[in-house]
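Chemist: These protein sequences, in sequence, are chains A and V.
In terms of full-length UniProt numbering, the first sequence has 103 at position 103, counting the first letter as 1, and numbering is strictly consecutive.
In terms of full-length UniProt numbering, the second sequence has 20 at position 20, counting the first letter as 1, and numbering is strictly consecutive.
These are computed hints drawn from the structure, not numbers from a lab.
Don't take each hint at face value.
The list treats identical chains as one, so a pair stands whether inside a single copy or across any two.
To be verified - Below are the DSS-like pairs computed for lysine-lysine, each with C-alpha atoms no more than 30 Å apart in a straight line:
no. : residue 1 : residue 2
1   : K140      : K122
2   : K80       : K140
3   : K20       : K140
4   : K80       : K193
5   : K20       : K80
Number of protein chains: 2
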Amino acid sequence: MPSGHTVVAFDTELATLHRKIAEMGGLAEEQLMRAMEALVSRDENLAGSIIARDTEIDRGEAEVEALAVRVLALRQPMAKDLRQVIAALKISTNLERVGDFASNCAKRVMALSQVPPAGPMKSLNRMGITTAGMVHDVVKAYVDEDYDLAMAVRDRDAEVDAVYTSLFRELLTYMMESPQQITACTHLMFIAKNLERIGDHATNVAETVCFLVRGRLPGEERLKEDLSSFTVVNPGDRPGDRPGDRNDRVG
Amino acid sequence: MPSGHTVVAFDTELATLHRKIAEMGGLAEEQLMRAMEALVSRDENLAGSIIARDTEIDRGEAEVEALAVRVLALRQPMAKDLRQVIAALKISTNLERVGDFASNCAKRVMALSQVPPAGPMKSLNRMGITTAGMVHDVVKAYVDEDYDLAMAVRDRDAEVDAVYTSLFRELLTYMMESPQQITACTHLMFIAKNLERIGDHATNVAETVCFLVRGRLPGEERLKEDLSSFTVVNPGDRPGDRPGDRNDRVG
Numbered sequence: 001m002p003s004g005h006t007v008v009a010f011d012t013e014l015a016t017l018h019r020k021i022a023e024m025g026g027l028a029e030e031q032l033m034r035a036m037e038a039l040v041s042r043d044e045n046l047a048g049s050i051i052a053r054d055t056e057i058d059r060g061e062a063e064v065e066a067l068a069v070r071v072l073a074l075r076q077p078m079a080k081d082l083r084q085v086i087a088a089l090k091i092s093t094n095l096e097r098v099g100d101f102a103s104n105c106a107k108r109v110m111a112l113s114q115v116p117p118a119g120p121m122k123s124l125n126r127m128g129i130t131t132a133g134m135v136h137d138v139v140k141a142y143v144d145e146d147y148d149l150a151m152a153v154r155d156r157d158a159e160v161d162a163v164y165t166s167l168f169r170e171l172l173t174y175m176m177e178s179p180q181q182i183t184a185c186t187h188l189m190f191i192a193k194n195l196e197r198i199g200d201h202a203t204n205v206a207e208t209v210c211f212l213v214r215g216r217l218p219g220e221e222r223l224k225e226d227l228s229s230f231t232v233v234n235p236g237d238r239p240g241d242r243p244g245d246r247n248d249r250v251g
Numbered sequence: 001m002p003s004g005h006t007v008v009a010f011d012t013e014l015a016t017l018h019r020k021i022a023e024m025g026g027l028a029e030e031q032l033m034r035a036m037e038a039l040v041s042r043d044e045n046l047a048g049s050i051i052a053r054d055t056e057i058d059r060g061e062a063e064v065e066a067l068a069v070r071v072l073a074l075r076q077p078m079a080k081d082l083r084q085v086i087a088a089l090k091i092s093t094n095l096e097r098v099g100d101f102a103s104n105c106a107k108r109v110m111a112l113s114q115v116p117p118a119g120p121m122k123s124l125n126r127m128g129i130t131t132a133g134m135v136h137d138v139v140k141a142y143v144d145e146d147y148d149l150a151m152a153v154r155d156r157d158a159e160v161d162a163v164y165t166s167l168f169r170e171l172l173t174y175m176m177e178s179p180q181q182i183t184a185c186t187h188l189m190f191i192a193k194n195l196e197r198i199g200d201h202a203t204n205v206a207e208t209v210c211f212l213v214r215g216r217l218p219g220e221e222r223l224k225e226d227l228s229s230f231t232v233v234n235p236g237d238r239p240g241d242r243p244g245d246r247n248d249r250v251g
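Hey, can you work out the whole structure from these sequences and the hints?
Modeler: Dropping the structure here:
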């Protein structure tokens, strides 16, 4: 039977885990929003500061992991307490990846600033804002243990996947129009992929919040709407062509 | 003080975790090798079977996680035993991602089989074989708790990153040569990116083996050689141009 002192120490440790995750989430969201700002304004200095700051999120993950392992060893938590620690481990890994993707977007801003502007920047920026909103909401869902908010974030991922598939096709078409746009559009395509992956990580966090609150993962298999891997665009296709108009889906 | 019965049960559970991870690793490696085979032979049927089999690796991860959480709750392991459980959790997540990347390569084989063959297939195939070898070796390092082998895998990742950066530049050049190659080369670029990420995940597993065996992560920061995010290629550059010849690195 744990003593009162142990219980207080454990509560403090859990609160620290909570706080660190919330900080990581806030920073990841900020890094992503700033990466979109750097992209739109072609701001290399801003991009450089985003890249430099990524280590802060990496450190956050390392701290959460060290504390979580310590808590498991010293407190041997059970049931909901154990889920709290497991959830912190999993969520910090996902947020660290969100930070990596934001930083990678900033790296590509460096390359993009050397070539003429090209591509559907507005759609890309909007996609960035959507995924930053997902990161914001899912961290709030974690802090408040808000199951409904977590599931709402998870539902939004299908929209992000659909936008990504459409952007992928649009960027292929731009590239075919002019070789001058190929380098730019390729980096924009990887930025779009980064954002799509951030949506996936927000979804992972949402599912972990479900595990935390209800003790199990959400049952229903999530519909995967990213069809870009199957996409074919041929020279002569126009950016307005919709997926499904041609033989662009397989299997 | 745990009873003899509890100790035996715990040993059995750890052995099960070990076996499940080894199985996941073997399957991930096989899926990757088969994806390369499908790529080279433009075999849509093989690609389809790889995609279908990905759920098997997903199930492996879910089983490892369920068992790990159960072991933490029931056995409350400490020290090395605790690290065994944490390591199993982390490694299964990484192997599940390797499976995802192999499956994504197979999806892109579906798209590639609809367009004329293009791009540096040999280099790509070689990169696939290298990363499959890393997955093989790092799972062996985990099973044998072989620190040196794990560190050797980690060291090989720099080579994979360098090959990826070079392939990225080469593919951009191919795309500029002919719009007919753009769809194919874009999918090949994402396949190369998948392989580069598989190298990263093998490296993550190597670092987890270090944590398992020595109780801490490897100290020295790993050198990141993937410079593709900074790469610019202009129309007129030839595939043979080396990184560094032009203004292709930033920062």
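Chemist: List, from low to high, the hint numbers that the structure doesn't satisfy.
Modeler: 4
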